[in-house]
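Residue numbers (the numbering used here), protein chains in the order written: chain A, 1 to 443; chain B, 1 to 183.
There's no promise every hint is true.
Quick list of the computed label-pair ranges, beta carbon to beta carbon [said to hold, decoys possible]: (1) B:F79 / A:P327: 52 to 62 Å; (2) B:A165 / A:Y273: 34 to 44 Å; (3) B:K100 / A:G243: 47 to 57 Å; (4) B:S69 / A:D351: 53 to 63 Å.
Covered by chain A, per the in silico footprint, the following chain B stretches (three or more residues, Cβ under 8 Å) [what the hints assert, rightly or not]: (5) 71–82; (6) 124–136.
None of these hints come from the bench; they were simulated from the model. Please read these numbers as outputs of a predicted model, since none were measured by experiment. All residues carry an ideal CB built from backbone N, CA and C; glycine is no exception.
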Amino acid sequence: MNKTETMKTVYSHLTYAVWRIFLAGLLACMFATSANAALEIEISGGSAIQIPIAILPMAEPANSQKSRLHEIISNDLRGSGMFRIINTSGMPALPTNASQIKYTDWTALKAQGLSLGEVQQVGGNLKVSVQVMDVLRQTALLQLTYTVSPSQYRHVAHLIADQIYEKFTGQPGAFATRIAYVTKVGKRFTLQIADYDGFNAQTLVSSNEPIISPAWSPDGTKMAYVSFEKKKPIVFVQSLYTGERKVVANFKGNNSAPAWSPDGSKLAVVLTYGANSQIYTISADGSNLQQVTKSSSIDTEPAFSPDGQYIYFSSDRGGRPQIYKVPASGGSASRVTFEGGYNVSPRFSPDGKYLTYIRNDGGSFKVAVQDLGTGDVKLLSNGSLDESPTFAPNARTIMYATRAGGKGTLATVTVDGLVRQRLSEAGGDIREPAWGPAQAAPK
Amino acid sequence: MNKSIWTIAALALVLTACKSTPMNPAKVEDSSVTRPMANAKDSNADSSANTDKINIKTVDVDTSKDELSAAELAKRQVFFDYDSDAIREEYKSLIANHAKYLVAHPQTKVVLQGNTDERGTHEYNLALGQRRSVAVKNALNVLGVNDSQIETVSYGEERAKANCADDGCFQQDRRVDIVYAGQ
Chain A
1 MNKTETMKTV
11 YSHLTYAVWR
21 IFLAGLLACM
31 FATSANAALE
41 IEISGGSAIQ
51 IPIAILPMAE
61 PANSQKSRLH
71 EIISNDLRGS
81 GMFRIINTSG
91 MPALPTNASQ
101 IKYTDWTALK
111 AQGLSLGEVQ
121 QVGGNLKVSV
131 QVMDVLRQTA
141 LLQLTYTVSP
151 SQYRHVAHLI
161 ADQIYEKFTG
171 QPGAFATRIA
181 YVTKVGKRFT
191 LQIADYDGFN
201 AQTLVSSNEP
211 IISPAWSPDG
221 TKMAYVSFEK
231 KKPIVFVQSL
241 YTGERKVVAN
251 FKGNNSAPAW
261 SPDGSKLAVV
271 LTYGANSQIY
281 TISADGSNLQ
291 QVTKSSSIDT
301 EPAFSPDGQY
311 IYFSSDRGGR
321 PQIYKVPASG
331 GSASRVTFEG
341 GYNVSPRFSP
351 DGKYLTYIRN
361 DGGSFKVAVQ
371 DLGTGDVKLL
381 SNGSLDESPT
391 FAPNARTIMY
401 ATRAGGKGTL
411 ATVTVDGLVR
421 QRLSEAGGDI
431 REPAWGPAQA
441 APK
Chain B
1 MNKSIWTIAA
11 LALVLTACKS
21 TPMNPAKVED
31 SSVTRPMANA
41 KDSNADSSAN
51 TDKINIKTVD
61 VDTSKDELSA
71 AELAKRQVFF
81 DYDSDAIREE
91 YKSLIANHAK
101 YLVAHPQTKV
111 VLQGNTDERG
121 THEYNLALGQ
131 RRSVAVKNAL
141 NVLGVNDSQI
151 ETVSYGEERA
161 KANCADDGCF
171 QQDRRVDIVY
181 AGQ
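For reference, chain A alone in the conformation it holds in the complex (with noise of 0.2 Å):
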């Protein structure tokens, strides 16, 4: 990755304050991830509140993690938007322990919050305490301990950041989340789930031919997607641990777009037969099969709203693609959106609060939020061909498509559009991201 040509892209729009936590942030990431950037973070913009706080490197054992606890959740909060990190590298003395800690240091720093911690071998395991303290109180916010094999390195961090997220802004996190994106390096593609920040990629399915439309199963241990390896859409349910994987939609003609119902126990789908795409809802066996929408326009693209009454879907049926809601078990749509010529692709947010979706905006393809409550729409990218917006699950911050530099990447933005990042991969093209749910997953 070319930092120099990053950096010249990002600088634009840097206010002072942000360009130095930018400057702070880059030393990090070097020092982070040099030797082996799966994905990197590179922020842009900031938000108006940020909250102070320093992340301190704890007593570790020697291993060969290439970032560090502390870089990590540093990473997290300071990705969030809500945190800004203290730099901590001047400090004569850094405490591992809440009885070391010089309150009038972190006080002259400005500092409203501290983390500091060990880590200890306890047989095959690591066993990590945490003490978050309120610094101007001088008492402990937060403290953890949590016992994981050493493969749990990056999760660890990614659950600590959960809590500390959660304490000082009193909105739950959403950094030990997974991930499904599609890759494409040459002509293979694959489907992949890893880590919210892109870290601990594993492959689900590799495929010479297409693969879209990745949806996880509510309770996060089954993803559908549509494959075109027997040269047609196709809509496969995999199970994540087992790797059983079943068709749920082969007829004659396309099968695409799968959407889970909020309980899990259906999809709508999107086929044709031999004409244009309408919506029907399927078991998640592939029985039962109704048909939702039966229009003579494209119906596609559906959406749960979250609790499961409507789903909503992309349709030309009014000239332009608009977005529409129908009744889950049919009847009659009515449209959602009016502002714009061109919006597909609606998403809910996990709390049912916000829709986001597509807008073209004059050529450019960039991603909008609805407010349902207020009506108000927002546009929050700044790409020209940016597509498949997908809520994390606290529903703060939005993943979506991007191209950057002739490739696709995967970017994040937060609800209110002050803060955007950038995950970018070394080969290859990334698309058609799926935040999944923010249940803990067994690994």
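Given the coordinates of chain A, work out where chain B should sit on it, guided by the hints.
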């Protein structure tokens, strides 16, 4: 009756032999299974006066292949304008040639694969590509081709060229490919 049984038996033998050929199995299967089956039935239809030998001629397969590779059937791409599924005047004769062949070979099947350029979302483009393949199907239907011979599918933007900079490039992606079963 006897004759057709022999025909089928002989064909089966030929096919089994073909299938075990250890070269590029996908291709072998494609050309040996699908095409001769279609032609076996074709020739059965008018075989009452003929001998067994004529019925099992593998030449039938080759003849059919020659026919399909003839100049007027070799063109199998129909291109479209941006955001349009209207068949352009210049492709009407191409479609008519394929319709004529499919009407004459009612056992032959064809897949119409719709495609779009990369602008827009994957699933919406899949639906747009489908609309194009349906437009070609409708044109074939009008000329007498049976629905059971046609499957319309879409690749959407999945086979689009990466990083097109102008419409000359995008234009190449906005098309329907006519793909004969077994080819």
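Now for the hints, and whether the structure bears them out:
For the pair F79 of chain B and P327 of chain A, the beta carbons lie near 40 Å from each other, so the given range of 52 to 62 Å is not met. Remark: the range hint 34 to 44 Å for A165 of chain B to Y273 of chain A is upheld by a beta-carbon distance near 37 Å. A beta carbon spacing of about 48 Å between K100 of chain B and G243 of chain A agrees with the range 47 to 57 Å that was offered as a hint. Distance hint check for S69 of chain B and D351 of chain A: the Cβ-Cβ separation is about 60 Å, which falls inside the suggested range of 53 to 63 Å.
Coverage of the region 71–82 of chain B by chain A is violated [criterion: at least 3 residues with CB-CB distance below 8 Å; count 0]. Given as covered by chain A, the region 124–136 of chain B passes the check, having 7 residues with a CB less than 8 Å from a CB of that chain where 3 are the minimum.
Checked against the numbered hints above, the structure violates hints 1 and 5; every other hint is satisfied.
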